[in-house]
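Student: Starting from the given sequences, assemble the full structure and let the hints guide the process.
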Amino acid sequence: MNKIDSLEDRFQSRIDKEEKIEARDWMPDGYRKTLIRQISQHGHSEIVGMLPEGNWITRAPSLKRKLALLAKVQDEAGHGLYLYSATETLGISREELLDQLHTGKAKYSSIFNYPTLSWADIGAIGWLVDGAAIMNQVALCRTSYGPYARAMVRICKEESFHQRQGFDILLTMCNGSVEQKEMVQDAVNRWWWPSLMMFGPNDSDSPHSAQSLKWKVKRLSNDELRQRFVDMTIPQAKILGIELPDPLLIYNETRGHYDFGEIDWEEFRQVVGGNGPCNKERMAARIKAHEEGSWIREAAVAYAEKKKNYEKASVA
Amino acid sequence: MKDWPLYEIFIRSRNGLNHKHVGSLHAADAQMAIQNARDVYTRRNEGVSIWVVESNQITASNPDDSESLFDPASDKVYRHPTFYHLPDELKHM
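Residue numbers (my numbering), protein chains in the order written: chain A, 1 to 316; chain B, 1 to 93.
Simulated from the structure, these hints should not be mistaken for lab results. It is possible that part of the hints are untrue.
Claimed, not checked - Sample of chain A residues facing chain B (criterion: CB under 7 Å; computed from the structure):
| no. | residue |
| --- | --- |
| 1 | Asp29 |
| 2 | Ile296 |
| 3 | Ala300 |
Unchecked claim - Away from chain B, derived, C-beta distances all over 12 Å, residues of chain A:
| no. | residue |
| --- | --- |
| 4 | Glu22 |
| 5 | Arg37 |
| 6 | Lys64 |
| 7 | Tyr82 |
| 8 | Glu88 |
| 9 | Ser93 |
| 10 | Glu95 |
| 11 | Ala151 |
| 12 | Asn175 |
| 13 | Leu248 |
| 14 | Glu253 |
| 15 | Ala304 |
Remember, it's a predicted structure, so these values are computed and weren't measured experimentally. Every residue gets a Cβ at the ideal spot worked out from N, C-alpha and C, and that includes glycine.
Tutor: Here it is in structure tokens:
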């Protein structure tokens, strides 16, 4: 047995014993790369995810709704930061991470490339998109990489309010006028399928999944998580009194789960590949914010240096 | 542009408890690190006090030295009260 094999064996046996891996521990190169890809993609999704909602902050229907939406978007900025910091423990710099996002080298969740057309979309995002994200994130609280797991625990604690505020928006509208309820139905019709796509390709088409599960980077497969989400969401839709846009959504007694229709994977591939309704707009907004904020980053450094020099001078 | 240094953030959740490491963030200086830590880590009353330390000021033990550092403690059972057998009639010690 050569040295590399034994290190990898030892690593895998630590994983098998549910030990957490920490930043300075030895890890296979593939594990490091997988984590950098997954955690940064997760962080980028939080950051880009602020954009579709930001669209409605100034047009929220009441001060209460506006405050809640602001708090939610602020959380998402925080979640992006937790995840970027966790990624940086793996030896990649913040600048490289942002560069990968802005050049399109790194991906973010395809869901944020859909437009938010009405106020009901903000409710649907909270209910469905955050609901799907939470399903994924709760499982990731047990991921094998310590800094990622800790970020997930923090995020999950904060995230549950996001889903409730979304559901609350929809419930209020469903109890409102006919037009308001129609807005909810329209939003749910548009967000349902993209939400199911958030869990990624079917297990049979997900080449990295097996290795990620073996390393316990992922704890549940894409299809398992998607099924849990479907099962959880249907009773909630009944409370809202709206239809989910899938005629094949039927409870299967034998499986003990809801069956559902085939996802349009061609649409998924198109949106991931950059051809969704808002890909260009999102990236343009992200890059503009970064570039137009550069003066403030430079000013902060200049101020910190000036203050340091001043302190030195006053000591001397 | 010069990168903002990385700071490690420690939060005391309430008086009587020790500061605990919660994560890290970038800031131009220590004062800004405290302000950012306030916004990033204490949005829901998680803290009453914040410490920030520039990450490169921390010296950490090497995971490869774990055996020599920590294993010697594992065979010293006599450091624990359960090592000592007391007569049954003795109720409290």
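Student: The structure should be examined with respect to each hint, and the outcome stated for every one.
Tutor: Comparing the hints with the structure gives:
no., hint, result
1, Asp29, "violated (17 Å)"
2, Ile296, "violated (10 Å)"
3, Ala300, "holds (4 Å)"
4, Glu22, "violated (7 Å)"
5, Arg37, "holds (21 Å)"
6, Lys64, "holds (18 Å)"
7, Tyr82, "violated (6 Å)"
8, Glu88, "violated (7 Å)"
9, Ser93, "violated (7 Å)"
10, Glu95, "violated (6 Å)"
11, Ala151, "violated (7 Å)"
12, Asn175, "holds (29 Å)"
13, Leu248, "holds (41 Å)"
14, Glu253, "holds (43 Å)"
15, Ala304, "violated (4 Å)"
Taken one by one, the earlier hints fail for this structure at numbers 1, 2, 4, 7, 8, 9, 10, 11, 15, listed in ascending order.
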